[in-house]
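Those protein sequences? They're chains A and B, same order as listed. For the first sequence, the working numbering assigns the number 1 to the initial residue and increments by one for each residue that follows. For the second sequence, the working numbering assigns the number 1001 to the initial residue and increments by one for each residue that follows.
Careful, some of the hints might be misleading.
Stated by the list, open to error - If you want the ones that stay clear, here's a sample from chain B, every Cβ over 10 Å from chain A, calculated:
id: 1; residue: Val1004
id: 2; residue: Ser1008
id: 3; residue: Asn1106
id: 4; residue: Trp1176
id: 5; residue: Lys1212
id: 6; residue: Thr1418
As the list claims (entries may be wrong) - In silico DSBU-like pairs for lysine-lysine, Cα to Cα no more than 35 Å straight-line:
id: 7; chain 1: A; residue 1: Lys210; chain 2: B; residue 2: Lys1221
id: 8; chain 1: A; residue 1: Lys117; chain 2: B; residue 2: Lys1018
id: 9; chain 1: A; residue 1: Lys184; chain 2: A; residue 2: Lys158
id: 10; chain 1: B; residue 1: Lys1007; chain 2: A; residue 2: Lys11
id: 11; chain 1: B; residue 1: Lys1018; chain 2: B; residue 2: Lys1184
id: 12; chain 1: A; residue 1: Lys158; chain 2: A; residue 2: Lys117
id: 13; chain 1: A; residue 1: Lys220; chain 2: B; residue 2: Lys1417
id: 14; chain 1: A; residue 1: Lys257; chain 2: B; residue 2: Lys1184
id: 15; chain 1: B; residue 1: Lys1184; chain 2: B; residue 2: Lys1007
id: 16; chain 1: A; residue 1: Lys60; chain 2: A; residue 2: Lys220
id: 17; chain 1: A; residue 1: Lys117; chain 2: B; residue 2: Lys1184
id: 18; chain 1: B; residue 1: Lys1320; chain 2: B; residue 2: Lys1007
Quick caveat, the hints were computed from the structure, so don't treat them as lab data. Using N, Cα and C, we set each Cβ at its ideal position, and we do this for glycine too.
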Amino acid sequence: MAVAGIDVGAKYAKAVILKDGQPEILSKGIAPCGFDLKEAVEAAFQQALSEAKLSRDEIKYVVATGASLEAVPFANDSVSMQGADARGAHFLFPSVRTVIDIGAEMGRAARCDATGKMVDFVINERCAAGAGAFLEAMARALEVKLEEMGPLSLEADKSPPMNAQCTIFAESEVVTLIHEGESKKNIIRALHDAIAERNISMVRRLGIEKDVALVGGLAKNAGFVDAMKRGLEMDILVPEEPLFVGALGAALIAAEKSAG
Amino acid sequence: MAEVRWKSEPLKCWNQAKALRLKYYEDYAKAHERGGIRWAGSAWAFSAVPEGLGTDVWSLTGEPYGASVAWNKDFAAQCHEAAQAKGYARDLCAYMRNYWGSILLNKYVFGGEWPKPDFQWTSHTCCSHAKWYQVASELEGGVPTFSIDGSIGPYDELDENRLNYLVDQMQEGIEWMEKVTGRKYNDELLIQAVHNECNATSLWAEICTLNKAVPAPLDEKTMYSLYVFGTLMKHRKECVDFYRVLRDEVQERVEKQIAAVATERFRVITDTQPPWAFLSIFRYMESKGTVSVGSLYTFGLIGIWEVKPDGTWGPRTPPKEGSIKTREQALRTIADWTASRPEWQHFYSPERKTEMLKRIVKEWKVDGVMLHYNRGCEGLTVGIAENKLGLKKAGIPVMSFEGNMGDEREFDPERTKTEIDTFLEILGAR
């Protein structure tokens, strides 16, 4: 038997299956969230089941998390995004006390105790300017592939000021910088720095306690990770697969609940 | 849905409360038909003082009126549009914009045309109040207005000079009202109104004190419909009588362990005005086994408190009937009484609010605090970030949410529910 955690984010649905009784990751699945969220959940879950060579009946307990957790009607229970992040990050890095999650449309952070239990949290303001969707829009404006943004910004030699607090105005600033002849590399670094600053100010309201982990989609962007390290003036822990940390946390909670 | 843990039943005096509130707004609207006069002003005003003009004097207090408008989302939207079209920015006090909008639309939210007051009697403690009634007067074609400046500092620093500052303004205000209304002022009516106000606000504090019980006999959502009489008519006998009935019923609920919320497992408090159009968030919390047992706002805007010999908060002892003999004594009594109002104190320092919140957490057995960054009220929201830090430092779980007491455009119910879910998870209520 096994347990599962399913995280339904704004961009992707993610599933993690754990061996019941011991915290061993059996498999993962991921699918883009289109119009039909339940379809995305099903695809991610099936992928994980298939990889683990398990049938649905062999999944004893499912915990859902994420912005659209209602898309997992078969879940036995749910957990907040921050609570799942805290558990997942703490499992990967037991020294973690602060987890920052920057996803497609939301930035959030949680503080956890030595057991991985969330003790405080913060969520960004309503605008998505500090999240991944903003960076996607800027990649389009710069005519650069999203996956190129990180490596390019690491080659920058300066970070021109970027004051924008909103996607619309930021695009306007990017256009101005292009017309001024600023290099794409430097503009991208400025964008990463702006997003990092916005999120760091959010995390400061929570209080930063070491060690700090960065998870969520933007943690895959090396340029953004670098901006966060410089902004926080400390090293940060980044898991190999940062997109799955929420689902992992949910799966760990499923294992706990399943054990009673 | 959370497990039912307690027996619960509706308040027996609920319909009496509803009728009393509606009568208040109707009395004001029909005052002229009945040969009386009416005044408008802030709920913070020294409302006992105009009572000396006669027994046919009716008032309309602006903040609860603004809250009533907020509850009616369609009418509130019309008011905001009217105020904004007139040039008043949307980041101003939301109650004030609801009030001005009603004047501009010439509509009373309780039906009929806007009932223009004969004069305005108000006070200002926060930055909006004086301008509120100055602008209202202009919009209504020049209604005579008298405003008392309440900037006397916190109660523990009150001295004779500061008290005199309030009393002298009220003395001057009485002469002003005599001129404006052409009526002779009756000190006996003032004295009775001061006794009424002291009794009513002490009774409300006593009712709130009863909510220290587990399970809580009252929940905050219900308290909103009950504390309001202290903002409408704290100086009137009807208010005292109703609060006595309510106190007795709440006492009985405590004795019989009748809960306001049958699922009560976790207890929280809020700090200031809620987003009035979205009180359903309290029902949402109930479904998760959580009751809000009150707030500094519901306890301390109307309730007048004192520290009892055992160090806990309890109702301030009102002056004995017959102990006030003169106008001067009555004014000094009500000035001192009002200056001790908890909600006045934190205008002078956020630490004062933090300390009061910490006291409530301890004495009311509260598990966590929910702070409202209320974009509709600068006065009561300023310093919340510091309150949050102070509470965290004391080891008290705390969450904040953004909203607006009177403008639904600035409150996101789904986002707030998500934040509440996360907070309740920390409390262990999920």
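Hints, verified against the model:
1. No beta-carbon of chain A is positioned within 10 Å of the beta-carbon of B:Val1004; the least distance is around 20 Å.
2. With a minimum CB-CB distance of about 27 Å to chain A, B:Ser1008 clears the 10 Å threshold, and the non-interface call stands.
3. Non-interface call for B:Asn1106 relative to chain A: holds, since the shortest CB-CB distance, roughly 35 Å, exceeds 10 Å.
4. No Cβ of chain A comes within 10 Å of the Cβ of B:Trp1176; the nearest lies about 47 Å off, and the non-interface call holds.
5. Taking the minimum C-beta to C-beta distance to chain A, about 27 Å, the non-interface status of B:Lys1212 holds against the 10 Å cut.
6. Remark: the non-interface label on B:Thr1418 conflicts with the geometry, its nearest Cβ contact in chain A lying 7 Å away (cut-off 10 Å).
7. Among the hinted pairs, A:Lys210 with B:Lys1221 is inconsistent with the structure: their alpha-carbon atoms are about 40 Å apart, more than 35 Å.
8. Pair hint A:Lys117 plus B:Lys1018 does not hold up; C-alpha atoms about 45 Å apart against a cutoff of 35 Å.
9. In summary, the hint linking A:Lys184 to A:Lys158 is supported, as the alpha carbons are separated by about 11 Å, within the 35 Å threshold.
10. Between the alpha carbons of B:Lys1007 and A:Lys11 the distance comes to roughly 45 Å, so the proposed pair goes past 35 Å and is violated.
11. Annotation: proposed proximity of B:Lys1018 to B:Lys1184 holds, straight-line Cα distance about 34 Å (limit 35 Å).
12. Distance restraint check for A:Lys158 and A:Lys117: the Cα-Cα separation of roughly 40 Å exceeds the 35 Å cut-off, and the hinted pair is therefore not satisfied.
13. This hinted pair checks out: A:Lys220 and B:Lys1417 have alpha carbons roughly 29 Å apart, not beyond 35 Å.
14. For a cut-off of 35 Å, the pair hint linking A:Lys257 to B:Lys1184 is broken: about 75 Å separates their Cα positions.
15. Under the criterion of a C-alpha separation no larger than 35 Å, the hint pairing B:Lys1184 with B:Lys1007 is inconsistent with the structure, at around 54 Å.
16. Note on A:Lys60 and A:Lys220: the hinted pairing holds, with a Cα-Cα distance of about 31 Å set against a maximum of 35 Å.
17. For the hint linking A:Lys117 to B:Lys1184, the alpha-carbon distance of about 68 Å lies beyond 35 Å, and the restraint is violated.
18. Between the alpha carbons of B:Lys1320 and B:Lys1007 the distance comes to roughly 38 Å, so the proposed pair goes past 35 Å and is violated.
Violation of the numbered hints given earlier is confined to hints 6, 7, 8, 10, 12, 14, 15, 17 and 18; the remaining hints are satisfied by the structure.
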